[in-house]
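*Asks:* Since the structure of chain A is provided, determine the placement of chain B on it from the hints.
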Amino acid sequence: MNAVQTSITNFGWLVKREYWESRRGFLWAQFWAAASILIITILGIIAGEVLKARVGGQVDVSMGVNLTQILREATTHDMDQLVRALDATMLLFGFVAAMVLFFVVFFYLLGALYDDRKDRSVLFWKSLPLSDTGTVLSKAVAGIVVAPLIATGVVLVGYIGAQIVVSLWLLLHAVNPLPLWTQAEPYGVWLRLLVMVPVNALWALPTVGWLLLWSAAVRSKPFLWAIIVPIIAGILNFWIGLLGVPHIRPDFYWGDIAGRLLLSVVPGSWIDPHAQGMRFRGMHDLAAINYPAMGHALASPQMWIGVIVGAALIAAAIWFRRWRDEA
Amino acid sequence: MTASPMSASSESMHDAHDVQGAVIRATDLTKRYAKTLALDHASFEVQSGRIVGLIGPNGAGKTTALKAMLGLTDFEGELSVLGLDPRRQRPALMQQVCFIADVATLPRWITVKEVIDFVGGVHPRFDRGKCERFLARTKLQPDQRVRQMSKGMIVQLHLAIVMAIDARLLVLDEPTLGLDILYRKQFYQSLLEDYFDENKTILVTTHQVEEIEHILTDLMFIRDGKVVLATDMDALGERFAEVMVNADRVEAARALKPLDERQVFGKSILLFDGVPRAQLAELGEVRRPSVADLFVATMKGTYA
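Chains A and B, in that order, are what the protein sequence lines are. If you count by my numbering, then the first sequence holds residues 1 to 327, one letter each, in order. If you count by my numbering, then the second sequence holds residues 328 to 631, one letter each, in order.
Be a bit skeptical, because a hint or two may be false.
[To be verified] Label pairs and their computed distance ranges (CB to CB):
no.: 1; chain 1: A; residue 1: 183; chain 2: B; residue 2: 419; range: 54 to 60 Å
no.: 2; chain 1: A; residue 1: 263; chain 2: B; residue 2: 475; range: 37 to 43 Å
no.: 3; chain 1: A; residue 1: 4; chain 2: B; residue 2: 410; range: 22 to 28 Å
no.: 4; chain 1: B; residue 1: 562; chain 2: A; residue 2: 120; range: 33 to 39 Å
no.: 5; chain 1: B; residue 1: 507; chain 2: A; residue 2: 6; range: 39 to 45 Å
no.: 6; chain 1: B; residue 1: 464; chain 2: A; residue 2: 234; range: 55 to 61 Å
no.: 7; chain 1: A; residue 1: 184; chain 2: B; residue 2: 440; range: 39 to 45 Å
no.: 8; chain 1: B; residue 1: 440; chain 2: A; residue 2: 39; range: 29 to 35 Å
no.: 9; chain 1: B; residue 1: 454; chain 2: A; residue 2: 32; range: 37 to 43 Å
no.: 10; chain 1: B; residue 1: 463; chain 2: A; residue 2: 4; range: 35 to 41 Å
no.: 11; chain 1: B; residue 1: 466; chain 2: A; residue 2: 32; range: 42 to 48 Å
no.: 12; chain 1: A; residue 1: 241; chain 2: B; residue 2: 410; range: 54 to 60 Å
What the hints contain is simulated information worked out from the structure, not anything from laboratory work. Where is the CB? At the ideal position from N, CA and C, for every residue including glycine.
Extracted from the complex, chain A is given alone in its bound form:
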């Protein structure tokens, strides 16, 4: 038991270390992305008010959060429409957070086992009684659990910030902002985003393993290797196909192999609109993010083949971390 406890304690410290090192990307990038939406919304409000004062009448300037719709529906007490506008606000924060998260996590994983070899601080980490397995796994967990949870938290804070801004603006127009706060539905949307985190994490494993592997293995330029290898393989595969020799179907290769190795860390990239019998209209389409869709993804062979491939790639990354000799 003692050894198990030690491993758990150490793992906690390892994850904490990853957060310390990368909090700029994990927390502050998300913070500023959400803050940008709020700032743009406020600028939109100011521009709208100024134009209205100068031109008169109804001026429709809504940047960031969709103010016009919210104002109309709060005034007309059309609760269904109001809820949809609020849901859209929550999704806007969620969409921006997801984009930031993709870039942050992608480059975090590429550097996770490379940067400390480059600046030789790996020699300090390796002077401590920690297993390489724990080290590599802590980086995977930081990327696909810690960073998304922080992002999801920031989404909620951003949404509440937007509620405050919009409420103040409604008060300015003598409209009661209370209906904005009594709708539970947007928080249901947020809960769906939160429950998505583990589904995203499982789906992301092939990319996590692929990026960690190059990060641990190469002497320089992990980005180039990680990108170029699947592209060259795809071109070769296409060329072999031209010769009429058996090959992998190109659309399958790009979608289910290269795509999974490079882009599975995009949150919600497992959403399969065709399976739901609907046309996916972008990330703003709330209907695509639902619990049955998550269940469907978790039941798909693509999910679990990806998990197995990802686990194998992570195991390879652990081996390289253990034995890569920086001579």
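*Replies:* Then chain B, alone, in the frame of chain A:
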């Protein structure tokens, strides 16, 4: 000259008290890189409670030997460190072994407080209070980041952490490279005064031989991947001797096959290995050679 560092009799003697005896035991340690042989059947032992200088020219295999002991690289041959196999039992080994590889390997983004929290969290033998007492003697601040520190300060921080860990073996690979003399002196002084005792063993490589000569208890010369000399400092004084010879006796002295000869103020200084004292005393003034002079004589022709 190929001094055998390990005779059959001493080996069996060490077996008897291996637990406190040999901290490191290497037999036929060999490491091949693509084109070079970094270690070539090196065999040696390091006893507990010693301060051993591992000294060799660039590319002789020092760092490779240290990496093998720390489980950072694979190798052929046999190697046991504190009775453990560094290849397979690394995490257990690192509870008892500390190392400072080069200056400035602390991550640049970390703060003093974070690194102490982290090491305190994961290292069962780390004494936080001790570390803070060492740091109190420096100008380091808890919120200071490594990237804001000079090389000397980084080493102060690293040394404070390492000295607060109750380990049995401390490995230092060029720990003072690029530091000014104040930091260098302070580094070794701290180690001697606040860290080293009979239960600890220190293995150090450095090019600044003169600075550590007086603190070493043992010496190992490594050349072309082989340990060519392994001796304790007392035996060194008995085995090697330097004689200052007047011009008229030089021919007689040369007949005794000196390892090396150099000229100082019109006199010749000859270095001998294993020639009886009495015989040498007839030729001139006999003294103990410095490690640096012995090193130069031993490594003659390395870069030729």
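*Asks:* Can the suggested window of 54 to 60 Å be confirmed for the beta-carbon pair residue 183 of chain A and residue 419 of chain B?
*Replies:* 57 Å, holds
*Asks:* Looking only at beta-carbon atoms, does the pair residue 263 of chain A, residue 475 of chain B fall within the given range of 37 to 43 Å?
*Replies:* Given about 38 Å between the Cβ atoms, the range holds.
*Asks:* Does the hinted range 39 to 45 Å hold for residue 184 of chain A and residue 440 of chain B at CB?
*Replies:* Since residue 184 of chain A and residue 440 of chain B have Cβ atoms about 42 Å apart, the given range 39 to 45 Å holds.
*Asks:* Does the Cβ-Cβ separation between residue 241 of chain A and residue 410 of chain B fall within 54 to 60 Å?
*Replies:* Holds: the Cβ-Cβ distance is about 59 Å, inside 54 to 60 Å.
*Asks:* Holds or violated: 55 to 61 Å for the Cβ distance of residue 464 of chain B and residue 234 of chain A?
*Replies:* 60 Å, holds
*Asks:* Does 35 to 41 Å hold as the CB distance between residue 463 of chain B and residue 4 of chain A, or does it fail?
*Replies:* The hinted range 35 to 41 Å holds for residue 463 of chain B and residue 4 of chain A, with Cβ atoms some 36 Å apart.
*Asks:* For the hint 22 to 28 Å, verify it against the beta carbon of residue 4 of chain A and that of residue 410 of chain B.
*Replies:* About 24 Å separates the Cβ atoms of residue 4 of chain A and residue 410 of chain B, which means 22 to 28 Å holds.
*Asks:* Given the hint of 29 to 35 Å, is the C-beta distance from residue 440 of chain B to residue 39 of chain A inside that range or not?
*Replies:* 33 Å, holds
*Asks:* I want to verify a distance hint. Is the separation of the beta carbons of residue 507 of chain B and residue 6 of chain A within 39 to 45 Å?
*Replies:* 40 Å, holds
*Asks:* Evaluate the given range 33 to 39 Å for the C-beta pair formed by residue 562 of chain B and residue 120 of chain A.
*Replies:* 37 Å, holds
*Asks:* For the hint 42 to 48 Å, verify it against the beta carbon of residue 466 of chain B and that of residue 32 of chain A.
*Replies:* For residue 466 of chain B and residue 32 of chain A the Cβ distance comes to about 34 Å; the hint is violated.
*Asks:* 37 to 43 Å was suggested as the range; check whether the CB atoms of residue 454 of chain B and residue 32 of chain A agree with it.
*Replies:* 41 Å, holds
The structure fails hint 11 only (numbered hints given earlier).
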